[in-house]
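*Asks:* Now for the letters of each chain:
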Amino acid sequence: MDFVQNFPCFSVILCLFAGILSSGLKDKAAMRVNTCLLGIVTLLSGATLLYTLQTGQSFVYVMGKFPAPWGNEIRAGVLEALTALFFCVIMLLSLLGGRHKLLEEVESGKTYLYYVLTDLLLSSLLALVYTNDMFTAYVFVEINTISACGLIMIRQNGRTIEAAVRYMIMSLLGSGLLLLGLCMLYDLTGHLLMSNMKESVARLAATGQYEIPLIVAIVLISVGICIKSALFPFHAWLPDAYGYSTVSSAAILSSLVSKGYIFLLIKIIYRVIGFDIYGDTRIIDVLFAFGLMGMIFGSLSAIKENDVRRMIAYSSVAQIGYIYMGFGMGTEAGMTASVFHILSHAATKSLLFIAAIGLTDVSGGSRKFIELTGAGYRNKWAGAAFTVGSLSMVGMPLFSGFISKLLFAQAAVQNHVKMLPALIVLGVSTILNAIYFMKTVIRIYTPVGYSAYPSITFVKMRVYAVTLVAFILLNVILGISSQPVVDMIRQGLAMFS
Amino acid sequence: MYLILLSIFVPMAAGLCLLILPEKNIVRARLLSAVSMAYLLTAVLVTAALTRCYDVSYTLFHLTASLPVCFHIDETGVLFAVLTLIVFLCAGFFSFAYMKHEKKEKRYYGFYLIVFGVLNALCFAGNLITFYLFFEILTLTSMPLVLHNGSREAIMAGLKYLFYSLCGAYMALFGIYFIWKNSSTLAFTAGGVLHMTTGGNISGPNSLPGAAAGGNTAILLIAACACLLGFGVKAGMFPMHAWLPAAHPVAPAPASAALSAVIVKAGVLAVVRVVYYIFGPDFLRGSWVQTAWLTLTLLTVFMGSMLAYREPVLKKRLAYSTVSQLSYILFGLAVMNVTAVTGGLLHVLAHGFIKAVLFLVAGAIICTTGRTRVEELRGIGKEMPLTMWCYTIASLGLIGIPPTGGFISKWYLATGSLQSNTPAFAGIGPVFRWLGPVVLLVSALLTAGYLLPLTIHGFLPGADYDYAHLQKREPSPWMTVPIVILTVLSVLLGLFPNLLTDRIMGFVSTLM
Amino acid sequence: MGPNLFINYGEAVAMLLFGIGFGNLLLQSNLIKKIIGLNIMDTAVYLFLAEKGYIAGRVAPIVADGVQDMEAYINPIPSGLVLTGIVVSVSVSALMLALTIRLYRRYHTLDLDEISRQLKKEGL
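Each protein sequence line maps, in turn, to chains H, X and Z.
Start counting the first sequence at 2; every next residue gets the next number (my numbering).
Start counting the second sequence at 10; every next residue gets the next number (my numbering).
Start counting the third sequence at 47; every next residue gets the next number (my numbering).
These are calculated hints, taken from the structure and not from any lab test.
It is possible that some hints are incorrect.
The calculated DSBU-like cross-link candidates involving lysine-lysine, where the alpha carbons are at most 35 Å apart (straight line), are [stated by the list, open to error]:
1. H:Lys381 <-> X:Lys481
2. X:Lys169 <-> H:Lys440
3. H:Lys440 <-> Z:Lys79
4. Z:Lys166 <-> H:Lys111
5. H:Lys461 <-> X:Lys115
6. X:Lys113 <-> H:Lys381
7. H:Lys199 <-> H:Lys111
8. H:Lys369 <-> X:Lys169
Just so you know, these numbers come straight off a predicted model, no measurement behind them.
Assemble the whole structure, with the sequences as input and the hints as a guide.
*Replies:* Right, dumping it as structure tokens:
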């Protein structure tokens, strides 16, 4: 066994320990520990990715020398390592970009708590990505929920606490359903390790025994995860949570937390239930329909919004709809498109949130559109970054959004039944996206004769500007040289089951 | 082959530098000399690229494994690139005098140079995906030219332009997906790429086997229709022409000239590429797509002229005229025989020069007198004789009176239409044979009706004109010289057409 | 299905309780009642799990009297899962209660809809 194979386990445990350690440290020290941790985990994930690309297959890591089916397992392949790497990079950039706002909005002496929460969140995300055991997945889902709730309410004003309560309520509904489905599945198969469960499920599906309980269990798990990842119509908590929390939290929540759950759903589909059996239950048609509706309603709600951060939050609802539409195609190409969109959306949405905060800072802290007029001239970096993010969302070639749309359309034309609704809704939603994003871009670049607000230069916000440049580069790299990433995703999905 | 890249990216880089430099310490003279140098440098680079890199293909990078971004200069590209170069230079020098009256000059020149670079890229694009990429960028970068003066009307016009263009681009993309699925390459090949289908499509294990082009004809026709409508938005074809009369008048005059003369030709170039280099005329000839296209273009020709005839504001009148004239070109392309297509491409050049003259004259008038409506312009010919003579000559060209360039192109268009033996689709084909020339003739009369009144009332204002207060207000040489150059070119096109027509007919017959 | 429901009455009751808890969590506007609903829902799942682990005629999985035969004990795994679940349930309940206290101190009401109304008036 190579040393590299220990890395996934190391990543998770390092994050947990860093969290525990940070709870006793002061603010600055906790921040440094957090940044170091993210750097180390990025390197570990990168090494794992290279290793899995080299060997060309995924490896199973047994926890504590207890073999299956009694022990716990971690499994890492190309897709897991790629996702873990991406999550680490996005989290690092989001935390760096929002650092100055964190120091402003949270009482000093309490910021170390924020870093504890982000460490725990990272550990739960990595565990969700790597785990091969269902109940471990559930436990880390709960840790994810609790950390995310903490992230929302770290900024103490009435809005965030109410948003946190609403978030917890919806999330716990989803967790309850997930747990119930999980228990039923355990009851039917007698295993908790995903590989063993898959064999049992295949046997059950073949013999037709316990057909209805199996379908019920699958439906409960799917609905549970859909509620947690804010698929339409379960998205009501999203705008408040993303719109009012501190900007690093908004970026992390929108890019990573919901995507962690979607990744878990992909894992369950491939590794517990089996792609074909899942397709037979016809629940993917329901996911497809809700995905399409989410795409339209999310964009329509965004157009009506007057607050720029809530507008970006509603745009997230639409983008999550895209991902579920990709699921709903029921083909490999659709899954590839969804996974690429997870990565692309993570990069773009965090960019948009971090750029938006720069723009609102030079508009007196107000988020109404009127106040944002001309903000692109007052804070040039944020304006340029926001423009790049918007163009990517609209689907301009050269940015990652175009490749996502291309992959979705490619997947759509393969499935004759769902092709036309998918393409039409893709088109309509692109135009709707263009309406509210381009409107904002034009407004921030409309010159204002005299502005009451000061401008900001590079010197005052070095870290912020560097973060924005890194995000833009990430987006453009995904847009221009997407082929290696798409190949890795395809390879990863092939070795996923 | 680096000349190609340089001719595209040097003006874009120059424009970007201008945009990024801070506003404060700009000396106007230095700004103008920097911009002139940028123009001349680009002109040299483009000429060099056209002469030395002809028929050279160059791949820049790969967007995905099967979608390279590549450049390739061929005859069509040469035609459009020459037009772009001449009009942009003339309008560029005109704007030195005109923009003295407008604010924020630096921003204008910045975007003007960027658009110049993007247009070069469009002319040199070697495959459909490169073309689409730069088409989208063109929309985004020409929008600031439209909303330059920042008034509410300008911003609304800019937004309208943006949304129409994005809708059009998305429709075209819809068509491009299907083309990609049914061909092995998206590179521009004379005669089309569809017959080169490999019989399969490009993606993974769940693809449908054996999808040959024959079985998908219906879908490909719909894709063709989508592409035509989508790219037709940029070329102002009914029903998506409404942005043109809103956007062109509101932009500063040299920008209007550039928009009407060149940027909408990007839409025409798109249609040429899609119909002749991707689908191939054999695929579309005789189908319902061709019939629909012919109908829409003739409708636009007539409608544009009618709307221009009734419009009181000069620049808006010229914008409606652009709508109408562009559909002349599209009509020629739709007939799909050698003569008509030659007529269409000649009209690209002729209309480019003529419309540039018309808009620049309108700009000169606004600059010196501040008047925008035609009825206010009695006696203008006495005040600005040289400018108005150029306007008159250009108008004669647009109407189609020999020996101007407009006459040659309309002659070819009419002859082509009469000659066409379009295989009848549902028996409608033969109708267009005579309907085309009839509509063109009616439209020519209307063109005379909306262009000549300015000349007539300008030179012969009537008895009640105040001759005592007449003052000679010829605009500065920066303005008059470009106007004269373009007028002379449009006349030369008519006097010595054979060189050009023979070349164009030569390569058009390879496309059939 | 009819007779099965009576034979597996434990699981049936668990499902009923789950429904009650879920409905309360979703539909009640009073925060404390929501938290109670949350607890009922989670407890119902534990009941379900415990029922699933039980095998009639056997004892709890603690080795007694040296009997090491697998056949003498019930399935130990669900019990472990229930313990983990209880820990999770306690943590989230504590978190929700802490949030409720904060909200109450700010807005002096336990009604979530009322709090939303007051927030709209504040216009943050």
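*Asks:* Compare the structure with each hint and give your call.
*Replies:* We went through each hint and held it up to the structure:
1. Straight-line distance between C-alpha atoms of H:Lys381 and X:Lys481 comes to about 47 Å, which puts the hinted pair past the 35 Å bound.
2. With a C-alpha separation of about 11 Å, the suggested pair X:Lys169 and H:Lys440 falls inside the 35 Å cut-off, and the hint holds.
3. Our distance criterion of 35 Å between C-alpha atoms is broken by H:Lys440 and Z:Lys79, whose separation comes to about 44 Å.
4. With a CA separation close to 28 Å, the supplied pair Z:Lys166 and H:Lys111 stays within the 35 Å bound.
5. The suggested pairing of H:Lys461 with X:Lys115 holds, with an alpha-carbon distance near 27 Å, which does not exceed 35 Å.
6. A distance of roughly 18 Å separates the Cα atoms of X:Lys113 and H:Lys381; the hinted pair therefore holds under the 35 Å criterion.
7. Restraint check: the Cα-Cα separation between H:Lys199 and H:Lys111 comes to about 45 Å, which exceeds 35 Å; the hinted pair is violated.
8. Restraint check for H:Lys369 and X:Lys169: the C-alpha separation of about 23 Å stays at or below 35 Å, so the hint holds.
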